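Peer 1: Sequence:
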Amino acid sequence: MTDQPRLLVVDDDADLRDLIAGFLIDQGLQVETAADAAEMDAALARQPVDLIVLDLMMPGEDGLSIVRRLRGPRRPGVIMLSAMGEDLDRIIGLEVGADDYLPKPCNPRELLARIRAVLRRRSESETQVTGGPRRRFGNWTLDLISRTLTRPGQPDAQLTDAEFRVLTVFLDRPQRVLSRDQLLDAAKGQDADIFDRAIDVTVSRLRRKLGPGDPIRTIRNEGYMFAERAEDA
1 MTDQPRLLVV DDDADLRDLI AGFLIDQGLQ VETAADAAEM DAALARQPVD LIVLDLMMPG
61 EDGLSIVRRL RGPRRPGVIM LSAMGEDLDR IIGLEVGADD YLPKPCNPRE LLARIRAVLR
121 RRSESETQVT GGPRRRFGNW TLDLISRTLT RPGQPDAQLT DAEFRVLTVF LDRPQRVLSR
181 DQLLDAAKGQ DADIFDRAID VTVSRLRRKL GPGDPIRTIR NEGYMFAERA EDA
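Numbering follows full-length UniProt numbering, in which position 157 of the sequence shown is assigned residue number 157; successive positions increment by one, without gaps.
Please keep in mind that the hints were generated in silico from the structure rather than gathered at the bench. If you're wondering where the values come from, they're calculated on a predicted model, not measured in any experiment. Incorrect hints may have been included.
Listed next, with one range per pair, are the computed distances between beta-carbon atoms [unchecked claim]: (1) N107 x E39: 39 to 49 Å; (2) P174 x S65: 30 to 40 Å; (3) E222 x I25: 41 to 51 Å; (4) Q154 x P103: 33 to 43 Å; (5) N107 x R217: 20 to 30 Å; (6) R173 x D41: 35 to 45 Å; (7) G211 x R68: 13 to 23 Å; (8) A113 x R207: 28 to 38 Å; (9) P174 x I25: 37 to 47 Å; (10) R217 x A83: 32 to 42 Å; (11) D41 x D172: 30 to 40 Å; (12) A14 x V201: 30 to 40 Å; (13) S204 x D156: 13 to 23 Å.
Straight line, CA to CA, 16 Å or less: simulated EDC-like cross-link-like pairs of lysine to aspartate or glutamate [stated by the list, open to error]: (14) K104 x D12; (15) K209 x D143; (16) K104 x D15; (17) K104 x D18; (18) K104 x D13; (19) K209 x D156.
Where is the CB? At the ideal position from N, CA and C, for every residue including glycine.
Could you build all of it, start to finish, from the sequences and the hints given here?
Peer 2: Written out as structure tokens, the structure is:
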């Protein structure tokens, strides 16, 4: 990640787009803008970015569809903005792979704090990997650099930032009952309040990516337990 992170603000509201971009530029960030998915794709083709501030509701391809197709080990971070601030909308945004979600209108300083938090978490995941490049548990292997899960006979699964951090917590604390709050605190640290109670959503989609026989056990009224022990691969 560069010393000055590169951001892309994607919103069909030109006034809001320019307002956000101008504020972030004043804070020392490199910022490009796009009015829709086509302009976003063109901007990404010119140069990759570290994070996208993405509007949910836009003409043509919407924000949820865009997040679903932003895959791969070098996927930029995504913070979704939406005039629809209901919990369900927030959960759906996180479930499809967004790193954070803010309702419109948002305080620019809060947006800046969320951007810095997402960039910091992604940087830590890239530069502070411990225990070797891969970890193996059961017949699964987790690549700590690309955040990819592999398993014989199953397609590879790319993990989002939240899924990767939760799985890492499980691997570091096997066969122990962890409450939702413990998982949230361990996975997000001081940024836990950002994700509120979305830990169940993250665990659910992590289970789907692990596939049949996943080692995550639900402990009624207590939380979750990871049944497999990990080793360096």
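Peer 1: Hint by hint, say whether it matches the structure.
Peer 2: Taking the hints in turn, this is what the structure says about them:
no. : hint                    : verdict
1   : N107 x E39: 39 to 49 Å  : violated, 26 Å
2   : P174 x S65: 30 to 40 Å  : holds, 37 Å
3   : E222 x I25: 41 to 51 Å  : holds, 47 Å
4   : Q154 x P103: 33 to 43 Å : holds, 37 Å
5   : N107 x R217: 20 to 30 Å : violated, 40 Å
6   : R173 x D41: 35 to 45 Å  : holds, 40 Å
7   : G211 x R68: 13 to 23 Å  : holds, 19 Å
8   : A113 x R207: 28 to 38 Å : holds, 31 Å
9   : P174 x I25: 37 to 47 Å  : holds, 45 Å
10  : R217 x A83: 32 to 42 Å  : holds, 39 Å
11  : D41 x D172: 30 to 40 Å  : holds, 38 Å
12  : A14 x V201: 30 to 40 Å  : holds, 33 Å
13  : S204 x D156: 13 to 23 Å : holds, 20 Å
14  : K104 x D12              : holds, 13 Å
15  : K209 x D143             : holds, 14 Å
16  : K104 x D15              : holds, 13 Å
17  : K104 x D18              : holds, 15 Å
18  : K104 x D13              : holds, 12 Å
19  : K209 x D156             : holds, 9 Å
Taken one by one, the earlier hints fail for this structure at numbers 1, 5, listed in ascending order.
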